[in-house]
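Q: The residues making up each chain are set out below.
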Amino acid sequence: MRLWSWLAVVACALAFGLVACGDDDDDGGGGDAEKAPTGQGAKGNVNWCIGKDTSGAYGTAIELFKKENPNVTVKLVELPESTDEQRTQLVQRLDAESEECDVLGMDTIWTAEFAAQGWLQDTTDVITPREDDWIPSTLETAKYEDKYYAVSYHTNAGFLYYRTDQVQQPPDTWEDVYKQAGANDGIVYQGARYEGLTVHFLELLYSGGGKVLSDDGQSVEVDSPEGEAALQFMADGIKNGDAPKAVTTYMEEESRRAFESGNATFMRNWPYAYALGKESKLADKFDITTFPSFEGGEPASVLGGINLAISAFAKNPEGAAAFIDYATGPEVQKTNFLESASPPATAAPYEDPEVQKKYAFASDLKKAVEQGQVRPVSPVYPQITEAIYNNVFDALQGNAEPKAALGKMKSDIEKALETF
Amino acid sequence: MEAASVAVRQKQKRPSGFSEGRLGAAMMAPSLIVMALVAAFPIGYAIWLSLNEYSVRVEGLSRFVGFDNYADELWGANKSEFWDAFKNTFIFTGISVSIELVLGIAFALAMHQAFRGRAILRATVLVPWAVLTFGTGLLWRSIFEPNLGFWSSMLSALGLPGADALWYGEDGYAMATIIFADVWKTAPFMALLILAGLQVIPEDVYDAAKVDGATAWQRFTRITLPLLRPAILVALLFRTLDALRVFDLPFALTRGSNGTTTLSLYSYNQLTSNRLIGEGSAIAVLTFVIVMIVSFLYIRFVGGNIRAMTEAE
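Going down the list, the protein sequences come from chains S and Y.
Per the working numbering, the very first residue in the first sequence carries number 1; after that it's consecutive.
Per the working numbering, the very first residue in the second sequence carries number 1001; after that it's consecutive.
Don't take each hint at face value.
Computed list of lysine-lysine pairs in DSS-like fashion (alpha-carbon distance at most 25 Å, straight line) [what the hints assert, rightly or not]: (1) S:K415 <-> Y:K1210; (2) S:K179 <-> Y:K1087; (3) Y:K1210 <-> S:K403; (4) Y:K1087 <-> S:K408; (5) S:K285 <-> S:K143; (6) S:K410 <-> Y:K1079; (7) S:K334 <-> S:K366; (8) S:K211 <-> S:K285; (9) Y:K1079 <-> S:K408; (10) S:K358 <-> S:K285; (11) S:K52 <-> S:K334; (12) S:K52 <-> S:K66; (13) S:K403 <-> S:K366; (14) S:K211 <-> S:K147; (15) S:K278 <-> S:K143; (16) S:K408 <-> S:K278; (17) S:K408 <-> S:K285; (18) S:K366 <-> S:K143.
Label pairs and their computed distance ranges (CB to CB) [claimed, not checked]: (19) Y:R1222 <-> S:M251: 41 to 49 Å; (20) Y:R1300 <-> S:E418: 52 to 60 Å; (21) S:A183 <-> Y:S1098: 24 to 32 Å.
I should point out that these hints are in silico values taken from the structure, not numbers from a laboratory.
Backbone N, C-alpha and C define an ideal beta-carbon position, used for all residues, glycine too.
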């Protein structure tokens, strides 16, 4: 008995100790708003923590920066390839107030969560001097509570891929897409129970004019007629066989393989599948277009991509700001686009003749990004997206009627919004 | 599981007041301290975390909530998620361990026969067990892929039913796929443990039985099985406790969709993806308690059995 109480005391003391060290040292976190870094007179080392440099884009950005800024050395700290893993690793570092990272490479959906935790510095002063450079929609992903906590680096928006040997003219509405899909070999998209399904549901919801949260972010509006139309449409698509039932197991790569093997007439996917498709046996049998409209609304897409942010615990915030400013500038944005097909967040590269020559779809992509909308901005986004994809998935699998699934989605999101 | 076996060991070696006992205690102290640091501290810390709530909205904010997180899971707001995960975990454990046991005995009997190449067979059988579980998951995922996977192509080429099923994407099938992958991977482990038990059964018992005219089946049920019992029980204990904590296979194959979210996966999601530290820790602690209870039951009933049997010898 005595041993137990002693152990409990020690455990609590240790636990308290750790929690307390977490609390002591708050001054790094977000509180420095008045001294937001601008990148003036930057020098020293900058560590850039971002996902694995599979395309070489990050290495190029560093090299170009080095030529112009000999005083600052940027070191790439590569995180794993999977986005979930990257987030886990960044959260671990930030939670521990690690000084390892100065610049953070973040998925656009992390901004609100990380900013709310006080892990990011205000980047308004990096953006404001050249705010017009960016495609306006992309900056929305860097905003939380009317302040910028990140800077848009690469963006992304989905495309509709279609078979030119089966479809003469790409349809103007999602309804027609499904009709033609049903008459031919169907449509594939990302329908597994994960973030990709949230994205596709939001694409239809936004196209029909619906939204998930009210403008103040306080109440849930997903159970609207638009929401019901979108979910009913997706569920019917599978029930009628316009989309194969197997899409409920598809992520990006599975969709791409199904399309490239000639098993589908349409595909919803990100631009990355274009270059790969052109190397497949389907090379001259497909083309891409921006999303059509739905329910008579305006066509809409959902933005993906990568933002760069300055860690609250950065040892060299000025250096970080200087690097971010440069990496989102014309030089890097154009070179990255040409080299690795990462769509730039700034507008100019899309108009560049060299880019236009290499990517026939550059103007289409820019249009898709311009009509792009953000996923709900909230510190509890992980729970919101879980509420969305779980219930959309249930409706697609036929385990719940779309209306009931939507009701459950609403209450699940409300539960998420009530999180402490 | 760890803690339970430690407790048992402590009980047996409790200092009895003799100087020898004290010496023993002193000699054990360093390892006990290490054990406390590496096992007891994380457990204690997880329990502490589970009694609090950590805000995901406001920087550095937390509050003490006592057992609220547990109440939420057991009968509150998250009870359906928790009990679903509980049910899934036990379905997985019950079915996979039973199949593994039967296959394990069969494999062990086959490997026990003297024949050329026996050593090679034993080594090959172990290969699935040596593969990283997450890798196994990805491997089966590609085999069971609905359109282009080997499994569906084979079923449809042979005209067998199930070719149209989404093997890891449909209720029922998803759990079956995970159980299949687990059996493939761990039946060999079961077989090896049981083989070890087989090898200590003396040959002359069988000879005597043969002389008395016992059939092969009688020899199996009357001699082999009873004498194998200790080995089987140990193998069962290992596998059951392992299966109750299953994480990697559902994580790689289904991400928990279609009724395959296990307790570990549920706790992982709440902890890492949703960053609900308090709630996730509460689920982890509940999982720990459940595993403790199961291992206690095993040690109590099964362990008692083994002891009784050894004493009878």
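Q: Give a verdict on every hint.
A: Hints, one by one, checked against the model:
1. S:K415 <-> Y:K1210: violated (70 Å)
2. S:K179 <-> Y:K1087: violated (41 Å)
3. Y:K1210 <-> S:K403: Cα-Cα ~70 Å, so violated.
4. Y:K1087 <-> S:K408: Distance ~22 Å between Y:K1087 and S:K408 Cα, so the pair holds.
5. S:K285 <-> S:K143: violated (40 Å)
6. S:K410 <-> Y:K1079: OK: S:K410 and Y:K1079 at ~18 Å, within 25 Å.
7. S:K334 <-> S:K366: Holds, at roughly 14 Å.
8. S:K211 <-> S:K285: Since the Cα atoms of S:K211 and S:K285 sit roughly 36 Å apart, the hinted pair is violated (cutoff 25 Å).
9. Y:K1079 <-> S:K408: At roughly 15 Å apart (the allowed maximum being 25 Å), S:K408 and Y:K1079 satisfy the hint.
10. S:K358 <-> S:K285: With a Cα-Cα distance of about 19 Å, the restraint between S:K358 and S:K285 holds, given a limit of 25 Å.
11. S:K52 <-> S:K334: Between S:K52 and S:K334 the Cα gap is close to 20 Å, so the pair holds against 25 Å.
12. S:K52 <-> S:K66: Between S:K52 and S:K66 the Cα gap is close to 20 Å, so the pair holds against 25 Å.
13. S:K403 <-> S:K366: violated (35 Å)
14. S:K211 <-> S:K147: Holds: S:K211 and S:K147 sit about 22 Å apart, inside 25 Å.
15. S:K278 <-> S:K143: violated (36 Å)
16. S:K408 <-> S:K278: Not OK: S:K408 and S:K278 at ~42 Å, beyond 25 Å, violated.
17. S:K408 <-> S:K285: It is violated: about 42 Å lies between the C-alpha atoms, which goes past 25 Å.
18. S:K366 <-> S:K143: holds (21 Å)
19. Y:R1222 <-> S:M251: 41 to 49 Å: violated (54 Å)
20. Y:R1300 <-> S:E418: 52 to 60 Å: violated (43 Å)
21. S:A183 <-> Y:S1098: 24 to 32 Å: violated (48 Å)
In summary, the structure is inconsistent with hints 1, 2, 3, 5, 8, 13, 15, 16, 17, 19, 20, 21 from the numbered list given earlier, while agreeing with the others.
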